[in-house]
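Here's the letter readout for the chains.
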Amino acid sequence: MAELSYRDAVIRGISQEMERDQDVVFLGEDVAKAGGVFKATVGLYDKFGPLRVRDTPISEQAILGAAMGAAMTGLKPIAEIMFSDFIAVCFDYIANEFPKSRYMTNGQTKCPLVVRTGNGAGSRFGAQHSQSVENWCMMIPGLKVVAPSSPRDVIGLLAASVRDPDPVIFLEHKSLYSIKGEVPDGEIVDTLGTAKILRPGKDATILALAMMVPRALASAEKLATEHGIECEVIDVRSLVPLDTQTILGSVARTNRLFTVEENPRLCGWGAEIVSIVADEAFYDLDGPPVRITTPHCPLPASDLLEDAMLPNVDRIVDRIRRTMGA
Amino acid sequence: MAELSYRDAVIRGISQEMERDQDVVFLGEDVAKAGGVFKATVGLYDKFGPLRVRDTPISEQAILGAAMGAAMTGLKPIAEIMFSDFIAVCFDYIANEFPKSRYMTNGQTKCPLVVRTGNGAGSRFGAQHSQSVENWCMMIPGLKVVAPSSPRDVIGLLAASVRDPDPVIFLEHKSLYSIKGEVPDGEIVDTLGTAKILRPGKDATILALAMMVPRALASAEKLATEHGIECEVIDVRSLVPLDTQTILGSVARTNRLFTVEENPRLCGWGAEIVSIVADEAFYDLDGPPVRITTPHCPLPASDLLEDAMLPNVDRIVDRIRRTMGA
Amino acid sequence: MRMQARTETDLINDDIGETKRLELYKTQLVIRDAEQRAHDLFLQNLVKGTSHLSLGQEGVAAGFACAMKHGDLSFCTYRGHAHTLARGVPVEKVLGELMGRDNGLMRGKGGSMHLTSELHGVMGSYAIIGAHLPIACGAAWRAQYKGQKDVSVCFFGDGTTNIGAFHEALNFAVIWNLPVVFVCENNLYMEYTPISDVTAVQNPAGDRASAYGLPKIVIDGNDADVVYREALKAYDRARSGGGPSLIECLTYRHSGHSRADPAKYRPEGELERWKQRDPIKIYRERLAQFGISEKAISDIDAHVKREVDEATEKCKAAPPTSLDILTTDVYADGGYAWRN
Amino acid sequence: MRMQARTETDLINDDIGETKRLELYKTQLVIRDAEQRAHDLFLQNLVKGTSHLSLGQEGVAAGFACAMKHGDLSFCTYRGHAHTLARGVPVEKVLGELMGRDNGLMRGKGGSMHLTSELHGVMGSYAIIGAHLPIACGAAWRAQYKGQKDVSVCFFGDGTTNIGAFHEALNFAVIWNLPVVFVCENNLYMEYTPISDVTAVQNPAGDRASAYGLPKIVIDGNDADVVYREALKAYDRARSGGGPSLIECLTYRHSGHSRADPAKYRPEGELERWKQRDPIKIYRERLAQFGISEKAISDIDAHVKREVDEATEKCKAAPPTSLDILTTDVYADGGYAWRN
Ligand SMILES: Cc1ncc(C[n+]2csc(CCOP(=O)(O)OP(=O)(O)O)c2C)c(N)n1
Ligand SMILES: Cc1ncc(C[n+]2csc(CCOP(=O)(O)OP(=O)(O)O)c2C)c(N)n1
Ligand SMILES: [Mg+2]
Ligand SMILES: [Mg+2]
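Chains as they are written, first to last, in the numbering used here: chain A, 1 to 326; chain B, 1 to 326; chain C, 1 to 340; chain D, 1 to 340.
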């Protein structure tokens with residue numbers, strides 16, 4: 001057991017997989033010699049050398065395209081897109097190439113790669129460097145989409161992603177890079193498509209992802225101590241595959257559902273899950289399922305505005321308390 | 001009144017606006033001299049000349065970027081992206097530039113433009129030329145998103161889009177280009193953000209968009225005659241702004257909700273609307289709201305496979321009938 | 001098969017040789033006949049989706065494919081029948097795919113625009129302009145990394161040189177010194193717009209080469225010998241660590257852009273002029289020049305015709321795509337399940 | 001303000017003139033002092049977000065801005081303070097924005113990376129590499145279409161030349177013959193990676209010009225006079241229907257890429273060598289050469305210092321951004337309502 005930062009967990013996760021498998025290679029902008037703009041890849045270049053850890057030009061299409069071509073023909077590339085907002089400049093690979101090639105070719109083409117990217121708000125970077133783009137990826141058939149909230153999950157889910165035979169979008173939350181957590185020694189490999197119940201509760205289910213997980217937990221604590229509402233908090237972890245069973249099971253026990261989403265309001269993962277629950281567990285629900293999200297707005301740069309925009313403990317507690325009539 | 005095809009309605013709609021306002025200009029690939037690959041812009045080049053109707057290189061980023069720069073500084077461009085799937089190669093403009101500039105600049109920057117694009121399946125074009133990408137756009141704060149289902153709506157909503165001060169993504173359905181409908185003479189200007197009840201009904205509400213509208217209507221007919229279920233059919237028409245009131249009003253009367261969506265399953269407009277209804281009209285619902293969608297799959301090329309993939313009357317009727325217990 | 005003695009000079013200058021020439025001829029002819037047949041089948045409403053023919057451009061496909069070794073990789077566009085057939089994919093598989101039959105190359109799932117046969121080194125046909133140039137870089141990177149000696153060859157049109165991915169791929173290939181060969185088939189048009197209307201330079205690929213520190217190579221794409229020789233040189237460069245090449249081949253498509261296009265935008269006489277330089281016509285003359293008999297040639301003609309006829313019959317007899325595969329192979333586990 | 005007679009030759013050769021020279025000097029100095037101040041405020045934790053300084057690159061910003069006419073349009077990157085200030089946007093507005101104060105240029109909504117002042121012709125600062133090159137084309141297209149005579153000037157870095165949008169914009173500008181000037185500030189690095197490590201040619205912009213039929217123009221970006229002269233020529237070309245220009249300015253940033261970067265990746269001595277060629281140092285010497293007195297120069301220095309000091313005080317005293325504007329101006333109606 002060691003205390004590790006989320007940032008260092010990324011380094012350890014990539015290292016673990018590169019040590020295991022010579023076919024794992026890593027490319028991105030400023031990731032090699034400089035160790036990445038978030039310092040989440042420091043040391044990999046020295047450890048694995050210039051053939052396996054490669055700096056690229058500012059050419060996101062070339063980065064993802066090259067990763068795909070390499071994946072199709074025998075490598076297992078990890079590609080970094082520095083900020084997840086930049087997925088927009090290479091979205092053709094995300095939306096049209098990676099996820100469709102296997103299907104279109106009737107199973108001939110494989111695409112085992114991972115796109116790591118810095119996702120999410122909280123760093124005062126403004127509207128084009130702060131977005132939560134999990135729904136940009138979740139909506140595309142053929143992708144897998146993962147977003148860890150703890151250092152341990154970073155390693156385990158990254159390993160699972162690298163070993164997965166499908167293209168995986170791996171969303172690291174920029175505002176979590178400096179958090180720390182206990183991580184066991186030795187190899188860690190997790191399983192995609194498994195949500196985690198982080199806190200049991202009988203009154204309501206709260207689903208959260210990435211940076212919203214600690215906020216959901218803090219909200220649950222407050223709801224319990226101040227309002228006597230016992231919430232079950234689930235870290236969704238993996239949007240595709242989605243652990244619907246754990247979610248439906250929890251709702252069957254608590255009969256209430258809340259999502260806490262950093263993404264802007266429309267068509268987020270919460271909408272998908274609420275719709276699944278409303279369809280398949282309608283009679284389990286004792287009241288309206290409620291999504292607590294960032295408003296349908298671009299993100300502002302100033303710290304005060306940014307903080308006011310995102311779901312926070314006060315807003316979460318208030319909304320759940322009012323909805324539960326407490 | 002004249003009978004007009006959906007394709008010719010596009011031509012008339014663009015003409016109407018270009019005649020009205022010299023600042024309306026039009027650009028895209030093969031749109032000018034050749035009249036567009038769907039023949040939906042035939043004659044505009046001859047009518048408005050080479051300065052207002054312009055062929056571009058295969059440079060989608062340049063097309064949308066140029067449209068934006070022109071819109072910011074005084075023109076009202078209509079840009080064509082030939083197939084909506086290609087939005088992926090210029091998604092930065094859709095996701096990061098058009099919709100965020102006004103907010104980021106505290107209201108200084110305007111962006112009054114329309115992106116017209118051929119959306120949807122049914123032409124046996126395969127996975128990269130057949131997608132329904134309305135959710136790619138709906139999820140982005142700052143955009144407006146419109147998808148007409150009839151020749152009359154094409155003209156009216158296109159005019160409203162061109163006159164709208166915000167960036168509008170205007171999704172024309174490729175498989176509707178050849179359908180015909182009655183269109184009044186003279187100028188037609190509709191209102192964004194208004195859904196249309198196309199068929200009243202007391203037992204259930206069916207929401208549909210674009211090509212799914214005729215299928216929803218046919219299904220309602222069948223459900224009425226064969227199963228005695230009276231469905232209210234609403235053409236959503238505009239995803240942003242969304243006419244939530246018409247939808248909630250209908251559900252308040254029918255107490256049941258079905259969506260018929262061409263987009264693949266996850267995070268579609270149906271998920272958003274179902275979530276809104278589940279939250280705000282929970283106690284109006286007499287049973288689970290159900291989304292009838294294309295499965296979470298890429299689209300196949302062969303006619304048999306493609307037809308089997310999309311929601312059709314049989315599947316719609318069957319699903320509604322079973323859910324309603326009839 | 002040689003029936004007539006060639007002159008001494010012919011023999012000396014003949015770096016290509018008879019066997020390869022007959023292969024080049026046959027390859028071009030298979031493409032010609034199979035695509036003509038695809039067109040006929042479309043007129044009979046047996047080909048349903050769109051299709052983009054390479055009639056008139058066979059010299060490029062044959063020249064590059066016949067210079068490849070087993071294991072070399074082709075990356076094509078939606079106009080990919082030619083390059084797919086040139087690698088030896090059976091005509092039946094291609095026509096079957098176009099007709100949506102269960103014997104098709106991808107059993108109808110991909111269609112005309114996505115022909116893929118990894119077995120034959122055909123690593124996909126890509127229908128979004130420009131996307132496959134970076135992908136070909138990636139395959140070449142794998143070869144370089146693993147010390148494998150195959151070359152990745154990426155075909156695309158003149159219009160493709162104006163999209164961003166072209167630029168990113170070319171720069172990337174050069175700085176990583178990748179064994180990739182970029183082949184621009186300049187057929188003078190994007191869909192319906194003349195490339196010269198929308199391009200800042202005269203040779204859309206050739207005049208861009210220097211932007212990546214590459215030499216300008218512009219060749220006659222309708223002479224399969226010229227193409228073949230240039231291909232060999234580029235492959236050698238790639239295999240020996242000399243890095244990427246960018247080759248512009250001047251050619252012309254005899255039919256419209258896609259099946260829906262009557263190609264009315266062409267200036268009068270243009271098609272006729274190019275038909276004089278039909279690659280198959282040129283190549284038949286070439287074979288004759290090298291003393292190959294009319295009989296040998298017409299044997300190939302007959303053989304190819306038979307192959308295409310037989311393939312057509314098999315396809316007509318084949319069952320349509322099975323609905324069982326509707327949702328298979330979205331994910332690597334064979335299905336499309338995204339949830340438990 | 002001239003204090004000493006210049007020689008006859010000086011006067012003859014002086015196409016720029018004293019007034020403009022003083023403007024060029026002052027513009028550079030405002031940038032230098034305001035950015036130094038921004039850095040100090042960051043160290044005091046009063047600037048919260050990221051910021052990208054142009055210290056060392058002031059010659060480019062001043063040269064291009066001082067050659068502009070009222071109504072000309074600037075399109076900047078996240079490294080846009082310099083170009084924004086150079087157009088006359090008050091220091092207070094810029095520092096206020098960086099500090100998230102209500103007096104900021106966008107009242108804190110955009111932050112350092114998105115400085116915009118349409119009033120001053122600053123049409124935005126774009127933080128996604130390459131995006132604004134096509135946008136600048138669009139603004140230039142409007143001018144052309146409406147017969148307006150303004151020029152759109154688009155600033156970007158060396159690293160930006162490797163992204164697809166660069167290529168699309170350049171080709172587009174040339175074929176439409178647009179009045180747009182593309183200015184590449186080659187400061188030798190993208191974020192932390194030397195541009196030469198990832199670029200196929202030596203001059204990332206200059207050596208690409210021919211791919212668009214443009215002449216190669218590579219100039220000394222640290223000499224504001226050189227920049228100013230080149231800018232005038234390019235603007236003239238644009239206004240007179242001569243089409244776009246692509247100008248590469250060689251320069252260097254004295255600080256790291258952004259506030260988080262100590263710039264350890266630089267080879268020893270590189271920064272020191274470039275500091276010898278500090279554009280402000282060069283320009284002070286230039287002014288002296290042209291006989292402008294030390295007193296006149298130090299008056300400007302003092303004036304600028306006062307401006308920056310006063311701006312700083314105003315910003316410190318200003319209230320933080322008001323939460324009232326959190327959700328305003330998403331849509332043109334002033335709000336963010338997406339539903340009824
Ligand atoms: C990104 C993108 N934009 C537009 C299209 C539509 N499109 C298909 S083929 C084509 C013309 C391509 O021209 P060229 O590269 O010269 O190839 P050719 O068809 O002549 O072989 C266009 C514009 C596309 N498939 N992808
Ligand atoms: C599409 C995109 N990719 C990557 C980045 C991250 N990024 C910001 S600045 C920068 C370096 C830009 O280098 P250059 O163009 O030389 O400009 P400079 O910063 O040197 O002024 C990078 C990679 C970005 N903002 N956008
Ligand atoms: Mg072409
Ligand atoms: Mg730079």
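Read the hints as simulated data drawn from the structure, not as lab findings.
We put the CB at the ideal spot given by N, CA and C, even for glycine.
Check before you lean on any hint, since a few could be wrong.
What the hints assert, rightly or not - Using 20 angstroms as the maximum straight-line C-alpha spacing, the simulated PhoX-like pairs for lysine-lysine come out as follows:
#1 D:146 - B:47
#2 D:26 - D:281
#3 C:69 - C:316
#4 C:216 - C:149
#5 B:202 - B:180
#6 B:110 - D:146
#7 C:305 - A:47
#8 C:149 - C:233
#9 D:295 - C:216
#10 B:33 - B:47
#11 D:281 - D:295
#12 D:281 - D:20
#13 D:305 - D:281
#14 C:305 - C:316
#15 D:149 - D:69
#16 A:110 - C:146
#17 C:295 - C:305
#18 C:264 - B:33
#19 D:295 - D:314
#20 B:39 - B:222
#21 C:264 - C:281
#22 A:39 - D:233
#23 D:281 - D:149
#24 D:264 - A:33
#25 B:39 - C:281
#26 D:69 - D:233
#27 D:26 - D:216
As the list claims (entries may be wrong) - So these bits of chain C aren't anywhere near chain B, every CB distance computed over 12 angstroms:
#28 219
#29 268
#30 330
Here's how the hints hold up against the structure:
no., hint, result
1, D:146 - B:47, "holds (19 angstroms)"
2, D:26 - D:281, "holds (13 angstroms)"
3, C:69 - C:316, "violated (33 angstroms)"
4, C:216 - C:149, "violated (25 angstroms)"
5, B:202 - B:180, "violated (29 angstroms)"
6, B:110 - D:146, "holds (18 angstroms)"
7, C:305 - A:47, "violated (59 angstroms)"
8, C:149 - C:233, "holds (15 angstroms)"
9, D:295 - C:216, "violated (57 angstroms)"
10, B:33 - B:47, "holds (11 angstroms)"
11, D:281 - D:295, "holds (16 angstroms)"
12, D:281 - D:20, "holds (17 angstroms)"
13, D:305 - D:281, "holds (17 angstroms)"
14, C:305 - C:316, "holds (16 angstroms)"
15, D:149 - D:69, "holds (10 angstroms)"
16, A:110 - C:146, "holds (18 angstroms)"
17, C:295 - C:305, "holds (15 angstroms)"
18, C:264 - B:33, "holds (11 angstroms)"
19, D:295 - D:314, "violated (28 angstroms)"
20, B:39 - B:222, "violated (34 angstroms)"
21, C:264 - C:281, "violated (25 angstroms)"
22, A:39 - D:233, "violated (44 angstroms)"
23, D:281 - D:149, "violated (35 angstroms)"
24, D:264 - A:33, "holds (11 angstroms)"
25, B:39 - C:281, "violated (35 angstroms)"
26, D:69 - D:233, "holds (13 angstroms)"
27, D:26 - D:216, "violated (30 angstroms)"
28, 219, "holds (23 angstroms)"
29, 268, "holds (16 angstroms)"
30, 330, "violated (5 angstroms)"
Hint compliance for this structure: hints 3, 4, 5, 7, 9, 19, 20, 21, 22, 23, 25, 27, 30 are broken, all remaining hints hold.
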